[in-house]
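These protein sequences, in sequence, are chains A, B, C and D.
This note's numbering applies: residue 1 is where the first sequence begins, and numbers increase by one.
This note's numbering applies: residue 10001 is where the second sequence begins, and numbers increase by one.
This note's numbering applies: residue 20001 is where the third sequence begins, and numbers increase by one.
This note's numbering applies: residue 30001 is where the fourth sequence begins, and numbers increase by one.
It is worth saying that the hints were derived from the structure and are not from the lab.
Fair warning: there could be bad hints in the mix.
Said to hold, decoys possible - Below, in silico cross-link-like pairs of lysine-lysine (BS3-like), each with a Cα-Cα straight-line distance of 25 Å or less:
#	chain 1	residue 1	chain 2	residue 2
1	D	Lys30095	B	Lys10267
2	D	Lys30491	B	Lys10267
3	D	Lys30892	B	Lys10267
4	B	Lys10065	C	Lys20027
5	D	Lys30496	D	Lys30453
6	D	Lys30137	D	Lys30014
7	D	Lys30898	C	Lys20027
8	C	Lys20049	D	Lys30342
9	B	Lys10288	D	Lys30155
10	D	Lys30431	C	Lys20027
11	A	Lys190	D	Lys30014
Computed from a prediction, not measured in an experiment: that's the story for all the values here.
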Amino acid sequence: MFNLISALDKATDNSGIAKIEEIGLQGMITLRGDLSKAAVKNATTSATGVKIPAQGQANHNGASGICWMSTDELLVLCPYDQVADTLVKMHTGLGKAHALAVDVSDARACLRVSGPYAREVMAKLAPVDLSPDAFKLGMFRRTRMAQVAAAFWMVDDTTFQIVCFRSNAQYVLDLLKVAAQNGSEVGFFK
Amino acid sequence: MKRYSAFAIAREAIRYHSGWERAWRAPEPKAKYDAIIIGAGGHGLATAYYLGKNFGITNVAIVEKGWLGGGNTGRNTTIIRSNYLQDPSAAIYEKSRSLYETMSQDLNYNVMFSPRGVIMLAQTQHEVRGYQRTAHANALQGVPTEWINPQRVKELCPIINLEGPRYPVLGGLWQARGGTARHDAVAWGYARACSDMGMDVIQQCEVTNIRREGGKVVGVDTTKGAIDCDKLGIVVAGHSGDLANMAGFRLPLESVALQALVSEPIKPAMDVVIMANTVHGYLSQSDKGEMVIGGGTDGYNNYTQRGSFHHVEETVRALNETFPMLSRLKMLRQWGGIVDVTGDRSPILSKTPVDGVFINCGWGTGGFKAIPGSGWAMAELMAKGSSPLTDAFGMERFIEGRFIDESVAAGVAH
Amino acid sequence: MLVLECPCCGITAEETEFHAGGEAHLKRFGPESSNEDFENYMFMRQNPKGVHLERWRHNNGCGKWFHAARCTMTLEVFGTYSAQTYEPPKEICDIISAKRPGWLRGAFS
Amino acid sequence: MSTRLATGGRLLNKSRVLSFSFNGTTLKGFEGDTLASALLANDQVLMGRSFKYHRPRGVVASGSEEPNGLVQMGEGGKFEPNQRVTTTELFEGLKAKSQNHWPSLEYDVGALNAKLSRFMPAGFYYKMFIHPRSFWKHVYEPIIRHAAGLGAAPKATDRDADTYEHFYAFCDVLVVGGGIAGLQAAKAAAASGAKVIVAEQTAHLGGRAVVDGGVIDGQSAEDFVTAITAELEAMDNVTIRTRMMGAGVYDHGYVLGYERLTDHAPEMAGPRHRLWRIRAAQTITATGAIERPLSFAGNDVPGVMLASAIRDYAVNYGVSSGDRTVVVTNNDDAYRTAIALKHAGLDVPAIIDARPAGDDSDLMAQAKALGIRIMMGHGISSVKGGKRVNGVEICAQAGEGAVLEEIACDAVAMSGGWSPVVHLWSHCGGKLTWDESQASFRPDPNRPPLGDKGQGFVSVAGAANGETTLNAILNDANVCGNAAAKTAGFKGKVAKAPIAQKTTERAMLPVWLMPQGAGYKLRSKAWLDYQNDVKVSDVQLAAQEGFTSVEHAKRYTTLGMATDQGKLSNINGLAILSDSLNQPIPQTGTTTFRPPYTPISMGSIGGEARGDVFQPIRRTPMYDWHEANGADWEPVGQWRRPYAYVQSGETVHEAVMRETKNTRENLGLLDASTLGKIIVKGPDAGKFLDMLYTNMMSSLKVGKCRYGLMCSENGFLIDDGVVARIDDETFLCHTTTGGAETIHGHMEEWLQTEWWDWNVYVANATEQYAQVAVVGPNARKALEVLGGMDVSADAFGFMEWQDGTLGGFDVRAYRISFSGELSYEIAVPASQGQAFWDALMAVGADLGVMPYGTECLHILRAEKGFIMIGDETDGTVIPQDLGLNWAISKKKTDFLGKRAQEREHMVNNERWKLVGLETVDGTTLPGGAYAVGEGTNANGQRVMIGRVTSSYHSPNLARGIAMGLVLHGPDRMGEIITFPGTDGKDYEARIVSAVFYDPEGEKPNV
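For reference, chain A alone in the conformation it holds in the complex:
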């Protein structure tokens, strides 16, 4: 059988003030529907075993999770090899409800930035208040990183997980390398 290749084939860089890595294949499903409908909620929660997050939040449990993308959109995370099953479960759960669930695992890439300066590296690229009192665990933010759209959340106190379009993965990785160059600590976040 042929090998599956994620956008950057798990490239990593540890040469700067933060560790940067592409985490490889991650199951991702875009769900669009009326988030207030029970069918939509249950279909998602039962398929992932994770609660529906509040607006602007993301709930996680290992490789599974649900991210609040918009008023009528969720990003469902699951192990890459379980996407098909999860989709089936979701479609069953959705039944006749008007909704759209589609596999976007390969349309996107996931990167991580970690280390004590992770917040500063991100704050060089995203127009978002990333100070510890403003951006906390559990929050999910869709914004821009330099010149491309991206979304991110924190998986622990010093690690960001970033989702971007697959075609932009190399750009985002390169950006992060520049932002993490040696000697570029800002010392702003206390």
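Got chain A sorted already, so can you dock chains B, C and D onto it with the hints?
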């Protein structure tokens, strides 16, 4: 009016320059004029000038709410070119460019027209096709332009980086007789000439109402009193909507901020004007030595003469890559102007629903280069009721769907 | 460099997350409409010096369109509201009227 | 001479000697020096030449307001012109060169201009160089350009060796300025719990107070600063950044902070500059005040300096600007300089005070006590000396300059009073008010810049707010800090202002010209703008000639337009102008302050966006393979697509020809992954697509595909592509590469803002798939070898799609053709893209497989007369122009663009229509050529009757083929029309059908 010359300067130097007279009079408004032009920017002053010069109409007032030349005329990047694609645009911009050639002599005022040449860079196959098309059209329109290869671009502009940045330079559209001029001097030169013809340039005089009788204009009310007129020209760029409201009609216009910036002056490093549309960077070097840079417009309606800084960033990063030496220069000053943009991004030179009222607006980011041609054509329109240069630019084109679209790059495809 | 609050996702962000979409509350005129109505719909704009009701999209965010009431002279934002409306909501009108007494929506002499 | 003093120098580390060079000469300085103080310590008073007259220039100031001391620094990728010596910290090995002179700083040919200055008054160039016409470009302008400019241009070949970055920071209160006002304001704001950032442009906190002295809360100003700094640094909610200038204030509380990280230590790792984008609820500008020069003849001779600067050099750097310094002033503050010099053991022959005799203030008394001669009511009529001061002529301020006495000296300390630094307050619209007592503009608290909620978002503290005494400054700062925090929403406790010891001061007296009745000769030697050489007589000439608006006068004389942006000259020039117009200064008004406060590097503005990350380059899953296999890249939007795959020994054109023949004869593979793929789902999906496309899409059968056109509401064709019906409620819409995002946005826009009650969801699945076009006579064979799906004509008809597997890959296959060949477009998940491509190359090996690029794609479709968005369309073309009426539904009552296409000009049969074009001689028509008709139009332009939209050499037909839009084209088949080329040749072409290849369309139907 005393003529300007090296001899005049020598003469005045002897007597400590005590003999210089006012460049233009500062009159109070008369009760009535044959024609009133609202707006003493380049376009308004040029309109008045050619009303007098070409049609002998000199009983004219140019009323200005601020100071003459204080709007976009004095806030632009002074680029002059006529390498447009569509016939009507090429016609009026080339008329304008040719008038710039002799403006200093016509006005006896050195406007420093510098035909140093303009290159429109092609950095995608799409642009290559677009500019080769323009070159063909220009040849038939009597606009001398030429498609040049990257090596020629490098010869003309040694500081350019052909290999980068993101887009290699694939060639360019070269207009050898395009260039720049001293923007303030254009307004001052026209004002001096108008004043010399007996016209009244009335500054600090804001129009508050346009008086009509039976669908015809009879005059205006201003902060300096009521003034009657037979004909009225509205030439106020970003403020056109307001004046049109006063006259009771609407315009297909939106006013947005356009930004520009200059670097600190350096010794001559660039002898041509470069326009890189793919990366939104427009660059030339002023006679003072400043690198003059034009940026993009904001997407939202704005009358503050301040734009959003990210447009400056986009422009500067593009130019840093295209002209790497810029990176070590410093931005000295940035500013903004209000430009009025129409539905097809081409100007309006037109009669209006009000008899005797004519409007000239919608030049968007292309106003400075058009000043003399626009004035010439507007004067003809006001004097004779029509002009071959303005026929295609009438307001009615929007209802007919007869657009003049210069932004023919419909976005990359395939 | 404006700051806007997206009423859809509740995020307050700088302009670079958004895309400006021009005048709001335009009524669409399709086939059968008069030339004048169609021209007005396509091209004629209020372009006011003062209160402007306009469309924005949170394109680097939740992707939703919304409306904003903003002053084109001071850039003050009176409020943002749903794009799924034909008229600005009363609370927005009240805020505007309080700050710009005598304001009339789309007043055109 | 100027030299280093034995004592003083609070900022120096005298234990560390640094060596640097100026114009090639190696000199010594101390750690803590600025380049300016180090040069003065070495008696290098002459530092540059002025812009217009090339007059000798030395430093006049000690800070960022300096107009004269500009040098070139560094070499190669680190070269930088126009560096201000007063803001350049000395470092080991610093290399500086003076500018704007030839052959040397001491002997500059350009100085001839100074001799001729009488013939070069303000605006002289508008009045001459007019004839002969050709001379401006070829003679006058080159001379002027070479005389103008300042530093040399960096070499085109040297790329910037440094890096830069941006940083987004958010706070409640931003304090710009780290003097005592800024520090106290920060303390007051922070006390309430607000998050505070303090930005100080220099490397040191404390500002003027630590130099001027004074007692605060019973301790010295210096001790006070040390204490409050420690307090602030101990607070979690306070960040202090030195070497960070508040560069500009923008709408809605956006402030640029320009942080210089390694300018003072180039060997340090990391970025050189960091441009902070700070979003602050409230901004306090505690930016201090700038001393004004006095306008007397010769006030530009090197050695004539601001009194405060001479004081700074003595106290901060232990540098004497001269052995004998005459102080000339109209206010008390300059007495501090005299006193400081005396304490440093230097000679102060006299204080020339323009104010009439009267009661002594504390400072005046101190000066007298030190035995300094004070001459009240006097002024300087002229300064003696050329490249440095050697004396001053004293006169009565009231008179016309009759010399009463000459005093020998080698430095002059002047003070014309102080102007608050109101720049940042004004950047975003804050208004000013005239302060009679200080003869200066100060911020008008009632007209601040307005924020997003209409609130004032900038306030001003201390000297920047027009306060002059320690007490007033500290109190003002405290009130300001408390208020800012409160406005930002912090109701916490408020701080108390410290108390400073009071001293009596005598009011200043506005003196705009010295002496009051100076004649032309003196006025034409009294400088206002040192760098641009604008003199009192120039501003007066501007007024005389009617340039009465401050903007006119500024532009006519260039006053305040130099690299210091008039920090020293604005008010003085304004006063002279007002005086000439006999009107009060406020009536004349002031010019607009524009960002940045002082020039900031272009590199910092660009930030990280350079080289690899200048702009995103979007890559398909097979990008690396293309790169490794000779791809000649073509940028398509942010994507890069192979234009052709160039093999060794062939040109790009040859590669294109090879690919085009091979695809028709054997088998070609195209990476079509960039084509947009948008999923549209819902009960109203069909109805929605009927509105978006000109065709009827709701009638499309499940399993089938249909080519569709999309128009803008304005009627013009914007995109095209194949739509596949996946199931009852689901469609998949292909778009052009450029269309993927825009069309997705277009759909969302209409769904959200017009038809929000329709039940439709869309998702952009473009990048989920790697899509490969398998094209050519051997296409089916190749897929059969892969196996897994019946791709026979019967099982898989033209314009159908199927899900299944091929060679073990999960695929969605579309049997569609944009080439006129037997063709399948096959989509696999992106992560399988490379493997699938490899598999196709493998099975294709025996079938003559070759990858092909975008140019081949263009030729193949052109041979078939298929239109290409962006070639046949340009935003002004409607489907009817392209003979695509068959794709415009007659049944539908409405679709986007339908109404627009009914307008007069759209139904006009004079519109140019699409046809094929064949050159008579078989050559290729020049791309973009226009066809000419008879005569010229009213503007003398040749009449045009058509244009080429696509033109290629077809290797399969072995001739040039083209498509074009031609007036009445379809009715003129067979006619020959002429296309003048830009090469001077006329190209004759016959109007033919646009379908050049396989007109019966048999090839794909096998």
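Hint by hint, here is what the structure shows:
1. Lys30095/D with Lys10267/B: It holds: about 20 Å lies between the C-alpha atoms, which stays within 25 Å.
2. Lys30491/D with Lys10267/B: 55 Å, violated
3. Lys30892/D with Lys10267/B: 65 Å, violated
4. Lys10065/B with Lys20027/C: It is violated: about 36 Å lies between the C-alpha atoms, which goes past 25 Å.
5. Lys30496/D with Lys30453/D: 30 Å, violated
6. Lys30137/D with Lys30014/D: Violated: Lys30137/D and Lys30014/D sit about 54 Å apart, past 25 Å.
7. Lys30898/D with Lys20027/C: Between Lys30898/D and Lys20027/C the Cα gap is close to 16 Å, so the pair holds against 25 Å.
8. Lys20049/C with Lys30342/D: 60 Å, violated
9. Lys10288/B with Lys30155/D: 19 Å, holds
10. Lys30431/D with Lys20027/C: 40 Å, violated
11. Lys190/A with Lys30014/D: Violated, at roughly 35 Å.
Violation of the numbered hints given earlier is confined to hints 2, 3, 4, 5, 6, 8, 10 and 11; the remaining hints are satisfied by the structure.
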